[in-house]
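Top to bottom, those sequences are chains A and B.
Counting in the numbering used here, the first sequence runs from 1 upward without gaps.
Counting in the numbering used here, the second sequence runs from 1001 upward without gaps.
Honestly, the hints are just simulated from the structure, not real lab data.
All C-beta atoms in this analysis are idealised placements derived from N, C-alpha and C, irrespective of residue type, glycine included.
Be careful, since some hints might not be right.
[To be verified] In silico DSSO-like cross-links for lysine-lysine, where the CA-CA straight-line distance does not exceed 27 Å:
(1) A/Lys26 - B/Lys1264
(2) B/Lys1104 - A/Lys80
(3) A/Lys26 - B/Lys1015
[Said to hold, decoys possible] Cβ-to-Cβ under 8 Å is the rule here; a few derived chain B residues that face chain A:
(4) Glu1004
(5) Phe1036
(6) Gly1066
(7) His1103
(8) Tyr1218
(9) Ala1238
Protein chains: 2
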Amino acid sequence: MIYEDYYIFTPGPVKMSQEILEIGAKQTPYFRNGAFSEVTFACEKSLLKMVNAPKDSKVIFLTASGTAGMESVVMNLLSKDDNALVVHGGGFGGRFVDICAIHKVPHTDFKVQHSNLSDIETLAPKEAYTSLIVNAHETSVGHLYDLDAMGEFAKKNNLFYIVDAISMLVTDPIDMHKQGIDVVIASSQKGLALPPGLTMVILAPSALERVKDVENMYFNFKDYLRNGERGQTPYTPAVTIMLQLEARLAQIEREGGVEKSIQKAKEIAEYFRESIKDLPLEAYTPFMPNAMTTLTPTDGKSAMDIVDALEEQSKVMVCPNGGAERETIFRVSHMGDMSKAYVDVLIDALYRYYGQVR
Amino acid sequence: MIYEDYYIFTPGPVKMSQEILEIGAKQTPYFRNGAFSEVTFACEKSLLKMVNAPKDSKVIFLTASGTAGMESVVMNLLSKDDNALVVHGGGFGGRFVDICAIHKVPHTDFKVQHSNLSDIETLAPKEAYTSLIVNAHETSVGHLYDLDAMGEFAKKNNLFYIVDAISMLVTDPIDMHKQGIDVVIASSQKGLALPPGLTMVILAPSALERVKDVENMYFNFKDYLRNGERGQTPYTPAVTIMLQLEARLAQIEREGGVEKSIQKAKEIAEYFRESIKDLPLEAYTPFMPNAMTTLTPTDGKSAMDIVDALEEQSKVMVCPNGGAERETIFRVSHMGDMSKAYVDVLIDALYRYYGQVR
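Next up, chain A with everything else stripped away, as it sits in the complex (with noise of 0.2 Å):
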């Protein structure tokens, strides 16, 4: 096995905890019957009580990487008759910007730098929008956008709220009902700490009214809910994962509930940067999600020199940035089973990298 005996810093997959680790060692069971409809059951309300969403809110279970969450919502939800704002503040933001294109939803590229948007009102381009689309959490840069400023902003202007929230449930705060989201996307392999490859989509009774007929048959969300009112699926669901999701969900609930996480995250965040500031590192954003921290060497270091030689020195693994930024920026997560003696790894390795003593 591959990296089998590395820390794991990845923005995605991201370190597991062993009870959910075991689970994966379990024989998949069949799924075609009542006791797995429990088990979907279980996954919907805990995660509808997580995002604290509308009464009569429906999660849809798709078997699938997130981009497929992004994809079928535009796809279901928003059509030619809607102009879409969409925050582009980098790679996944782009993504979005793509997905209307190709399925034809008018819409904005709002590129956005250096801002929370918590001045969305100022920023916005002074036109008729009816829906606002961002990923929450810009994990191609680590860049926590205000999702408190935008429901206001989304109410005020009467715009379908889409929040894709995949790399920051758990770690950082969503509340749709308080900030007034529409749909909330998100998938397994971040916050939720488990294997790659299920995404779940969070669709208030806003949205479910919105859902219309579409041409594709996997991401037809009313084939979904309609299965989805008896615990199913209408295609094969990824069923090691939901068994890992529901008993990942059990365990958030057993140590606090998601506040209790969310703080656990921030306090793990803080307690990196505050542990690296004498290294010639500088946060990328003063924007930082708990999630996540970006960091740029000061001292004219490459950031893949870096990434290489944590994972060479120290069998560290942290996340390079392509393209441009490849020499500029990498990325360090805060998702998963953390704590501050596994963070005091990597933190050790930096130190070991500049040479200098902790």
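Given chain A's structure and the hints, the job is docking chain B onto it.
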């Protein structure tokens, strides 16, 4: 965990080997690097060998269940200028018909019963087709089609030949080169005996030529092929299942190659069929694959009653049918990590149900 100590004879998920299960309990490694590319290349190479794919064939790895494989093939390889002959002998054939309709691919709903299409030359409608589509093993009823005869027919009529091999790969023979198959669809949770969530599309050069632009992101084969050149996928792959696939393909090779696996499945299927021949159960079709046996009670008993009784009395899971067939047939899979001793549990359970001594 549900059904943890049950005996598994359902046609997906199927019983997995201990070696594969243990990989499910490992941390998921980061995958955007050379080490994971090697995993992808190893899987591609072994799969191509397994189906005797023509030189320069390619594999697309989709994080999705089998239906996504079926749909994406139609989306990327067929168009309104095609005319597809779609074999429809059960629920999965019907699904291909629906997919062609959704994507506006002209087609004939070729309803087939009581034939394995060794006589396709006689049975096929006399119309000009461009493509032939079949689920090699129509899993809804356990019926295996004659891929040789269909291949001959496809060759003679210059048809683009698409074979869904999801429920027969590893247990029943398929040979792209010999049978002139252009596309093979496979999935993780059947004969490959892995958890559900990974689907593979194998494209011969004749299929690669056909790949067109599609108005879809997640199912855009061109993106997969481009990323595949460096052993990557455009979106997060089902990393854990890919690692399990690599190990499983090596396991099959180590144990004597796919011919040996097919032989073993044949022996298991024959052993089961022979062992229950004194019970009031008859084969539903004369064209059974090694992968599965479909049985009809001949004493007026309800098939669903048998399924339930096996589960309750003996912790044995076989597969019920839905709809009109709920009372008349049930299915027994021979896919996965089977042995005669394991099958004996099912045979004994059936004898117990009938109050007979084996």
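Verification of the supplied hints:
Distance restraint check for A/Lys26 and B/Lys1264: the Cα-Cα separation of roughly 24 Å lies within the 27 Å cut-off, and the hinted pair is therefore satisfied. Distance check on the hinted pair: B/Lys1104 and A/Lys80 sit about 20 Å apart at the alpha-carbon level, within 27 Å; holds. Of the supplied pair hints, the one linking A/Lys26 and B/Lys1015 holds, its CA atoms being roughly 10 Å apart against a limit of 27 Å. Taking 8 Å as the C-beta contact cut-off toward chain A, the hint placing B/Glu1004 at the interface holds, the least distance being around 6 Å.
Hint on B/Phe1036 holds. Least Cβ distance to chain A is approximately 7 Å, under the 8 Å limit. Annotation: B/Gly1066 was flagged as interfacial toward chain A, and the flag holds, the nearest CB pair being 7 Å apart, inside 8 Å. For B/His1103, the shortest C-beta to C-beta distance to chain A is roughly 7 Å, which falls under 8 Å, so the interface hint holds. Residue-level restraint check for B/Tyr1218 holds (minimum Cβ-Cβ distance to chain A is 5 Å; threshold 8 Å).
The restraint placing B/Ala1238 at the interface with chain A holds, with a minimum CB-CB distance near 4 Å, inside the 8 Å limit.
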